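Visitor: Chains as they are written, first to last, in my numbering: chain A, 3 to 448; chain B, 207 to 546.
These are calculated hints, taken from the structure and not from any lab test. Source: prediction; values computed, not measured. Some hints here could point you the wrong way.
As the list claims (entries may be wrong) - Derived lysine to aspartate or glutamate pairs resembling EDC-like cross-links, with alpha carbons at most 16 Å apart: (1) B:LYS540 with A:ASP120; (2) B:LYS538 with A:ASP397; (3) B:LYS247 with B:ASP353; (4) B:LYS540 with B:ASP246; (5) A:LYS315 with A:ASP397; (6) B:LYS538 with B:GLU248; (7) B:LYS508 with B:GLU248; (8) A:LYS401 with B:ASP353; (9) A:LYS401 with B:ASP323; (10) B:LYS316 with B:ASP246; (11) A:LYS215 with A:ASP432; (12) B:LYS312 with B:ASP323; (13) B:LYS538 with B:GLU392; (14) A:LYS404 with A:ASP4; (15) B:LYS312 with A:ASP314; (16) B:LYS247 with B:GLU355; (17) B:LYS247 with B:ASP542; (18) A:LYS404 with B:GLU355; (19) B:LYS316 with B:GLU248; (20) B:LYS508 with A:ASP174; (21) A:LYS394 with A:GLU265.
Here is what each chain is made of, one letter per residue.
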Amino acid sequence: MDALMLARAQFGFTIAFHYIFPPLSIGLGLNLVLMESFYYFTRKPLYLEMARFWTRIFGLIFAIGVASGIVMEFEFGTNWSTYSRFVGDVFGSALAAEGIFAFFLESGFLALLLFGWDRIGAGAHLFATFMVALGAHFSAIWIVVANSWQQTPAGYHLVGRPGGGIRAEVTDFWQAVLNPSTLSRVGHVYMGAWQAGAFAVLSVSAYYLLKKKNLEFAKACLKIALVVAAVASLLQLFSGHESAEVVSATQPAKLAAYEGHYETAPAGLYLFGWVDEKAGQTHGVALPGLLSWLVSGKSDAPVTGLNAFPPDKRPPVNFVFQTYHAMVAIGLALILIAWLGVFLWWRGALFTTRWYLAVLVGSVLLPQAANQLGWFSAEVGRQPYIVYNLMKTSDALSKAVKPGEILASLLLFGFLYLLLFILFIYLLNDKIQHGLRMKAGEGHRA
Amino acid sequence: MNYDWQTLWFILVGTLFSGYAILDGFDLGVGALHLFVRSDKERRVFLNSIGPIWDGNEVWLVTGGGALFAAFPEVYATVFSGFYLAFMLLLVALLFRAVAIESRSKQPMKWWRNFWDASFSVSSIASSLLIGVALGNIAWGIPLGADREYAGSFLGLLKPYPLLLGVTTLALFMMHGSIYIVLKTEGPLQQRLKGWGKNTMIFFILCYAITTLATLLYVPHMLATLQRYPALFIVPVLSVLFIANIPRNVSKGQGVGAFLSSCGALLTLMALFGIGMYPDMVYSNPSPDNSLTIYNSASSLKTLRIMALMAAIGMPLVLSYTASIYWVFRGKVKIDAHSY
Numbered sequence: 003m004d005a006l007m008l009a010r011a012q013f014g015f016t017i018a019f020h021y022i023f024p025p026l027s028i029g030l031g032l033n034l035v036l037m038e039s040f041y042y043f044t045r046k047p048l049y050l051e052m053a054r055f056w057t058r059i060f061g062l063i064f065a066i067g068v069a070s071g072i073v074m075e076f077e078f079g080t081n082w083s084t085y086s087r088f089v090g091d092v093f094g095s096a097l098a099a100e101g102i103f104a105f106f107l108e109s110g111f112l113a114l115l116l117f118g119w120d121r122i123g124a125g126a127h128l129f130a131t132f133m134v135a136l137g138a139h140f141s142a143i144w145i146v147v148a149n150s151w152q153q154t155p156a157g158y159h160l161v162g163r164p165g166g167g168i169r170a171e172v173t174d175f176w177q178a179v180l181n182p183s184t185l186s187r188v189g190h191v192y193m194g195a196w197q198a199g200a201f202a203v204l205s206v207s208a209y210y211l212l213k214k215k216n217l218e219f220a221k222a223c224l225k226i227a228l229v230v231a232a233v234a235s236l237l238q239l240f241s242g243h244e245s246a247e248v249v250s251a252t253q254p255a256k257l258a259a260y261e262g263h264y265e266t267a268p269a270g271l272y273l274f275g276w277v278d279e280k281a282g283q284t285h286g287v288a289l290p291g292l293l294s295w296l297v298s299g300k301s302d303a304p305v306t307g308l309n310a311f312p313p314d315k316r317p318p319v320n321f322v323f324q325t326y327h328a329m330v331a332i333g334l335a336l337i338l339i340a341w342l343g344v345f346l347w348w349r350g351a352l353f354t355t356r357w358y359l360a361v362l363v364g365s366v367l368l369p370q371a372a373n374q375l376g377w378f379s380a381e382v383g384r385q386p387y388i389v390y391n392l393m394k395t396s397d398a399l400s401k402a403v404k405p406g407e408i409l410a411s412l413l414l415f416g417f418l419y420l421l422l423f424i425l426f427i428y429l430l431n432d433k434i435q436h437g438l439r440m441k442a443g444e445g446h447r448a
Numbered sequence: 207m208n209y210d211w212q213t214l215w216f217i218l219v220g221t222l223f224s225g226y227a228i229l230d231g232f233d234l235g236v237g238a239l240h241l242f243v244r245s246d247k248e249r250r251v252f253l254n255s256i257g258p259i260w261d262g263n264e265v266w267l268v269t270g271g272g273a274l275f276a277a278f279p280e281v282y283a284t285v286f287s288g289f290y291l292a293f294m295l296l297l298v299a300l301l302f303r304a305v306a307i308e309s310r311s312k313q314p315m316k317w318w319r320n321f322w323d324a325s326f327s328v329s330s331i332a333s334s335l336l337i338g339v340a341l342g343n344i345a346w347g348i349p350l351g352a353d354r355e356y357a358g359s360f361l362g363l364l365k366p367y368p369l370l371l372g373v374t375t376l377a378l379f380m381m382h383g384s385i386y387i388v389l390k391t392e393g394p395l396q397q398r399l400k401g402w403g404k405n406t407m408i409f410f411i412l413c414y415a416i417t418t419l420a421t422l423l424y425v426p427h428m429l430a431t432l433q434r435y436p437a438l439f440i441v442p443v444l445s446v447l448f449i450a451n452i453p454r455n456v457s458k459g460q461g462v463g464a465f466l467s468s469c470g471a472l473l474t475l476m477a478l479f480g481i482g483m484y485p486d487m488v489y490s491n492p493s494p495d496n497s498l499t500i501y502n503s504a505s506s507l508k509t510l511r512i513m514a515l516m517a518a519i520g521m522p523l524v525l526s527y528t529a530s531i532y533w534v535f536r537g538k539v540k541i542d543a544h545s546y
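Only chain A is shown next, with the shape it has when bound in the complex:
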């Protein structure tokens, strides 16, 4: 493999691994705030037990998220130094802002969240929990701002770089931050994260119910998380639609690749299919006119096709077609699962329908898969550019790094993350199996 593919593989692998954890922290953070608020206002020990159990899980997830996140902070420089020279003036500010406004907030209050139960009052602890959840949400804003600028750059101009060549410099900070795709993508990432957190709680609770363990605990958790899951899954449908509209307006080649749409003509929406990139044709089952209707409100409106772009300015079409369609299918499945749960709850059968509980146990993997597939679609769909229409990925590579060095780091992180993942599952399972024993003297200081 050449340096470019190695650098992409190394970066993609380390960031995909990292992205298992932040959505869980964001989503669990929201669930924790709800659970602890219930405790604060009702003072029922059950809610305290819930908040403590999920805080321990949160601590584990957060630790791995931070550890794998430090790697990301520096990999723009290690793998993509030419890119870093080109965008630093704009892109670096977002990363710095994330540190100053989000990471310090999160890590500071996390200490109180994890270790402060007996040192501060219940109100102060709830406040700390809220601030950690808020910090996690802030952090997502800044990183999505940075990435959205790569998708739809705005508020910049190109000027000479001191070392030769050109670079992007900020002309309007707020235009760069609130570039055309930022808001829709922040919403989309948030809903994906809420789903990840809620379905993790649903999965563990359903497992307890099936095993007939910790029944009261499991039922209360299930109810809270089901509300979050139902709301987030439905909102995700609207957010996904909004994101697609923005992509259609700002990155037509990406949208065309999502749907394998070659000729500029009215377009349908594929349920599933296969793109023959050589022949420039897509085979599959499509709902006619639906894509046109979704992006413009008229089923006979033409949608720009891939043939409008020279082949070297198109992303890998079949890859993003498949990842995008898998993401959408999972998103629809999550709506079905969550609202089926609401229906069963209404019928009074939520805790006794065993096949449904079994579905919930496995459902934890679905938002994770959708989050990963969605990012693959967004990032691969932007190719061959690293900054859309401004810089090609192949021009962004570090010049001083040799392919062997990237390979070495890929193997090192591959091995390490495999071990880390096994360790994570082992510790997580241990907490789920044995984590719910309230130790004597664990009362809260009033």
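For chain A, the structure is supplied; the task is to place chain B on it using the hints.
Guide: Only chain B this time, still in chain A's reference frame:
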């Protein structure tokens, strides 16, 4: 008035990295000393002395990295791509360290705890050494091409002066950590730790003297700014006074005073490093004309101004969280149900 925004950001980035050195410095030092205590209970005391704060301490590094990227993208790009493998090793060490802290007390098995204890200590030592070696290379200078790319190899980073700075950094962090851990312990364990404190102090002062001598003899470009602005001589004088004050505080039993002196020593040593480099950020050796200075590697003035506003809003918040967390978790380590 026309401010020198590049110099301001040089100081601000330096402040973030100094904050990192002062704060993560003692928790890396505690990690480096971790295997010297033997019993499970004592090791838990070590781990929990930094339990609630190590994570926040590392945020200073992450934010420093972000600020470097935003204010001096050329430096960020050159250094991290140039030190590729060395940096990957540092990242792996920091990663391992985080996982070791989190996992160590989660299982009762002896082999489990021994493994994570060793990982925690080795990764703390490796991180300290690598940070010092990186600083040493920046000070000594690295070969840069006219295209501003690192023109050397991985092994080229292992020259004697950078290695010496690596050992000195380790010694400094060990001393800093041993002073911190005395503050957090009590009884016979504390008495024993006080004895180590003396050894780490001797180790550091020896390294410090040799590094100073080597810098004077072999790295003369680090002295240029001090020679040009004699008023700055106050900084090396202060660092000597802070360092000399540590044994004085220790012998009088003033634990907090010793820790503050040690923080002062770290701060002035970092300032001395900054003054030595100024106005260069990466010194090119050979061909100093290719050096990255704060002026030829900075972002636009507009970005520097926006970021200064962010820092003005954000840093008071950061200092207030940091201070309140240290206040809540002040006093001796108490192991409870939530401890590591």
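Visitor: Check each numbered hint against the structure and report the violated ones by number, ascending.
Guide: 2, 3, 7, 9, 15, 16, 21
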